[in-house]
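Asker: For reference, the chains in residue letters:
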Amino acid sequence: MVKKKKAAARRKAARSSGPTRRKKSAARARSQRAVGGRWTGWKRVAGLTLLLVSFLGGLFVSRWVLELDQVVVERFEGRTFAVPSRVFSAPLIVYPGADWQRLELADWLLRLGYREQPEGGAIEPGRYVWSPGRLRVHLRSFDHPARPEPARELIFELAQGQVVGILDAQSGQLMDVVVLEPEPVSAFLGRDREQRDLVEIEEVPPHLVDAIFAVEDQRFTAHHGVDLRRVLGAVWANLRAGRITQGASTLTQQLVKNFFLTPERTFSRKLQEACMALIVEARFSKPEILQAYLNEIYLGQRGATAVHGVGEASRLYFGKSAADLTVAEAALIAAIIQSPNGISPHRRPERAVARRDLVLGLMRDQGRISNRSYQAAVAEPLRLATIQTETGEVRYFLDALSQQLPEVYAGEVLTSEGLRIYSTLDPRLQRAAARALRQGLERIEASVSDSSKPQGSLQGCLIALRPQTGEVLALVGGRDYGQSQFNRCTQARRQVGSVFKPFVYVAALDRRTGPAVTLASFIEDEPFEVEVPGDDQIWRPENYDHIFRGPVSVREALERSLNVPAARLGEQVGMTRVVELARRLGIRSPLPAVPSLALGTAEISPLELARAYATLANGGRRPTPRMFVDVVEINGMAQESRPLDASVAVLDPATAYLGVSLLEGVVDRGTARRIRSAGLKGPIAAKTGTTDDEFDLWFVGFTPELVAVVWVGYDEPGPVGMPSSRGALPIWADFLKQAVGTEVRGRFAQPRGIVRVDVDPTSGALALSGCPARKPELFLEGTQPVATCPPSKERGGSESGFRRTLRRWFGAD
Amino acid sequence: MSKEGMMRWRIAASCKGPVLVLVLAGIAACGTPQLAPPQTVEPIRISQALGQGDPARRASIRLVVQGLEEDEAGRPQRARGSYERALQVDPTNPYAYLAMARHDLALGEAEDALDFIEQAAALFESEGLRRPEVGVHLIGLRAEALRAGGSNEEAQLYYETAGDLAPEVWGDGVLSASELR
Numbered sequence: 008m009v010k011k012k013k014a015a016a017r018r019k020a021a022r023s024s025g026p027t028r029r030k031k032s033a034a035r036a037r038s039q040r041a042v043g044g045r046w047t048g049w050k051r052v053a054g055l056t057l058l059l060v061s062f063l064g065g066l067f068v069s070r071w072v073l074e075l076d077q078v079v080v081e082r083f084e085g086r087t088f089a090v091p092s093r094v095f096s097a098p099l100i101v102y103p104g105a106d107w108q109r110l111e112l113a114d115w116l117l118r119l120g121y122r123e124q125p126e127g128g129a130i131e132p133g134r135y136v137w138s139p140g141r142l143r144v145h146l147r148s149f150d151h152p153a154r155p156e157p158a159r160e161l162i163f164e165l166a167q168g169q170v171v172g173i174l175d176a177q178s179g180q181l182m183d184v185v186v187l188e189p190e191p192v193s194a195f196l197g198r199d200r201e202q203r204d205l206v207e208i209e210e211v212p213p214h215l216v217d218a219i220f221a222v223e224d225q226r227f228t229a230h231h232g233v234d235l236r237r238v239l240g241a242v243w244a245n246l247r248a249g250r251i252t253q254g255a256s257t258l259t260q261q262l263v264k265n266f267f268l269t270p271e272r273t274f275s276r277k278l279q280e281a282c283m284a285l286i287v288e289a290r291f292s293k294p295e296i297l298q299a300y301l302n303e304i305y306l307g308q309r310g311a312t313a314v315h316g317v318g319e320a321s322r323l324y325f326g327k328s329a330a331d332l333t334v335a336e337a338a339l340i341a342a343i344i345q346s347p348n349g350i351s352p353h354r355r356p357e358r359a360v361a362r363r364d365l366v367l368g369l370m371r372d373q374g375r376i377s378n379r380s381y382q383a384a385v386a387e388p389l390r391l392a393t394i395q396t397e398t399g400e401v402r403y404f405l406d407a408l409s410q411q412l413p414e415v416y417a418g419e420v421l422t423s424e425g426l427r428i429y430s431t432l433d434p435r436l437q438r439a440a441a442r443a444l445r446q447g448l449e450r451i452e453a454s455v456s457d458s459s460k461p462q463g464s465l466q467g468c469l470i471a472l473r474p475q476t477g478e479v480l481a482l483v484g485g486r487d488y489g490q491s492q493f494n495r496c497t498q499a500r501r502q503v504g505s506v507f508k509p510f511v512y513v514a515a516l517d518r519r520t521g522p523a524v525t526l527a528s529f530i531e532d533e534p535f536e537v538e539v540p541g542d543d544q545i546w547r548p549e550n551y552d553h554i555f556r557g558p559v560s561v562r563e564a565l566e567r568s569l570n571v572p573a574a575r576l577g578e579q580v581g582m583t584r585v586v587e588l589a590r591r592l593g594i595r596s597p598l599p600a601v602p603s604l605a606l607g608t609a610e611i612s613p614l615e616l617a618r619a620y621a622t623l624a625n626g627g628r629r630p631t632p633r634m635f636v637d638v639v640e641i642n643g644m645a646q647e648s649r650p651l652d653a654s655v656a657v658l659d660p661a662t663a664y665l666g667v668s669l670l671e672g673v674v675d676r677g678t679a680r681r682i683r684s685a686g687l688k689g690p691i692a693a694k695t696g697t698t699d700d701e702f703d704l705w706f707v708g709f710t711p712e713l714v715a716v717v718w719v720g721y722d723e724p725g726p727v728g729m730p731s732s733r734g735a736l737p738i739w740a741d742f743l744k745q746a747v748g749t750e751v752r753g754r755f756a757q758p759r760g761i762v763r764v765d766v767d768p769t770s771g772a773l774a775l776s777g778c779p780a781r782k783p784e785l786f787l788e789g790t791q792p793v794a795t796c797p798p799s800k801e802r803g804g805s806e807s808g809f810r811r812t813l814r815r816w817f818g819a820d
Numbered sequence: 592m593s594k595e596g597m598m599r600w601r602i603a604a605s606c607k608g609p610v611l612v613l614v615l616a617g618i619a620a621c622g623t624p625q626l627a628p629p630q631t632v633e634p635i636r637i638s639q640a641l642g643q644g645d646p647a648r649r650a651s652i653r654l655v656v657q658g659l660e661e662d663e664a665g666r667p668q669r670a671r672g673s674y675e676r677a678l679q680v681d682p683t684n685p686y687a688y689l690a691m692a693r694h695d696l697a698l699g700e701a702e703d704a705l706d707f708i709e710q711a712a713a714l715f716e717s718e719g720l721r722r723p724e725v726g727v728h729l730i731g732l733r734a735e736a737l738r739a740g741g742s743n744e745e746a747q748l749y750y751e752t753a754g755d756l757a758p759e760v761w762g763d764g765v766l767s768a769s770e771l772r
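Protein chains in written order, with this note's numbering: chain A, 8 to 820; chain B, 592 to 772.
For reference, chain A alone in the conformation it holds in the complex:
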């Protein structure tokens, strides 16, 4: 009403005003329009500017958001995690009669994360109970497309160091043999050295999810990436405390931070985190986000390797898969998310248990578990699996294995695609090899004066393989992988010295090319010179001790590792024939057919030597070295397999057997007799090798089931300061003792075509009754001596069995 009156008065005033008044009014209006126009222009500019800034800002923000969105989508929809490929050993096979202590059955349980169950009752998978003379173990299932093993409870009856019986606890059936799951030996880690075992959300037990929700993000299922209620609560709590005491990150924010961002605590980073969390929530379902979180979250260290995800953490702390976690174990994993190293159950068990109980309390208070479950869980003692940190030496095996894998498994595939590679490695032998080599090198260094040591670290390598199948069982390519990744077993070619000599002798004995000698033949150990082809120089070989012994038998010459007879034999046989034989046995390195090759001047890798000696041990059949059996993809499908290649016959078995017999003599009477004094019994054949000035020490030896090569030397060649028999031999002996014990199993089987006759050791003639001395010797059938001792009066020197029998009966000598 008042407004209406004022408006009427204004209209009346306007009607009553004259022309002057109107002029003034118009001028004022003009003036006002001018000022008002200026004002209006400024506002318009400001408005437009604001609009422009807002527009540009909007564009910028939109672009930023779009960029973040792209980052999120790419990471989530591509392969989300880089999962290192794992390498597993060969399985452990246990049977009645096996030496369970040598098999290290107790250690196997620990290494595989099995845990002792102190109380009685049913044994859960992954648990075991020791009692006097008995091991009861509930084996976990082993998942493999071609070689699966079921979960089952077994009873091992043990007595006097042996497994005397294996019983299936459920069926009561006695078992002849049990295959235990392979050990994870290492992994092809990426640059970040992260290890994880991916889990699917369906296989994660609900109580693990509940435990994580309870302590990390109660309202995970309700919020959209950022929990505003929790943010406000945290702000209020922090304001009251005057410092940051409470965080408000949701699981989504934690995931985003780990996935995409740096750990810095700035406002812009928090803003980015929140924005990305919203994007993630908008783009992906809650189960997808939770699964990503469960696989990404950092949960501790295994040595230098970062453990990510609940799957790997379950194995690290409890030696089992996440699916098998109890409520208390799940609560512990949730408890350590806050500070995996600060609350490490291994290093700070009290703190870990206290926080575990806090989580359990939260679970109870939030209604996630019953009070009864809570009581049971807090009463559960902390039982952790032993941490199995990888020894560096196994990395040499991995490097060599990666060379054997097909090219499709290039570096990045190995470090990111989570393959499971089943290898031929025998972890027990690998540890024995690493230990023997390390201790041996330390022993050598301790016994050589510092002044005579060359620069650099004394190095060595040890490789062991199965002669019949070529499976590489152990490989240590150097002293310290951390210092030098150069694999001296597979990449180094060093002068081999006397370990080459057996190839000369076998070439001379080879039936295929017509044997040049027998083991009873004699060779002159006298000064000898040879013109080096294509060179004006004369080569005059000498023995290690510079002594000439006159005529020596072929057997004795090799047993003593005499240089001069070996060089003479090489000349007699022809170096081309020697090279051809070495090639057949599996040597691929360049072999110059010069006289000095007979003494091992060629440079050959330890792996090649192992293969060549394996061919002798395997009756002249050359195996193909094999380091992996198959590759299984992350989805459990077999991808690539390397079936056992049959060994190929390259040498007459009888000739190979003569070679083996020669090398047995080297151990029994020759330069490797320290093997026997080290307490090793049974069939062992071996050869020592020391190059000029003791630069390279070699020892190659085999049993019917194992070939091993040891090399010791400096990368930059220099004198080691002792011969092979004192340097490399003890390493080999230590290894063999740890690998098979002091009693070597089996025998070198004698093939057809070998005859054993007594000969006169001074002449090599057939020893008859009346010969002053005799010793048994092996010959290829048809090459046994014709001449007799004492000489026969009959033509040809041989006498009939009938005449011999008569002489023996009637004492005609």
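Derived from the structure by calculation, the hints contain no laboratory data.
The model shown is predicted, which means the values in this text are computed figures rather than measured ones.
We put the CB at the ideal spot given by N, CA and C, even for glycine.
Listed next, with one range per pair, are the computed distances between beta-carbon atoms:
#1 A:P797 x B:L641: 50 to 60 angstroms
#2 A:E387 x B:L641: 40 to 50 angstroms
#3 B:G699 x A:V793: 45 to 55 angstroms
#4 B:D645 x A:L181: 16 to 26 angstroms
Mind docking chain B on chain A? Use the hints.
Answerer: Same frame as chain A, now just chain B:
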């Protein structure tokens, strides 16, 4: 002696069993198998060897038998795994190589099979186990390998010899996993 007779002699010699050698020598001397009724043998079944040898050999033979069972059930990959484990326990077990030769032939891998046959033969020989009942399988498997390799004429002679010696097993020219088990 005819060429065929000579071949039979060679095959017999490769078998190396005293009974078989005598039998085949008779056959070879006669030139044709029709002239002398062949003496048959009961070929070995690997399960008969269960319980023989030292603990490692016994375990290894058990694994070979498990492999044969897998082959019978049509699971060749699992069978292969068992054979390889058998060799892990005892790499000198000739039965494992025999079973792998059969397995490879069933999968058409004749070249590898021939090498396994030779390895088995060498190990049986060196262990003094190369008896006629083993030899007949070596002859028969060699026939299969030769046929797969295209040497049909030679394969036929080996087949006939194996078939004459063990008609119930080798009469059809194939050694099944169950027959070897």
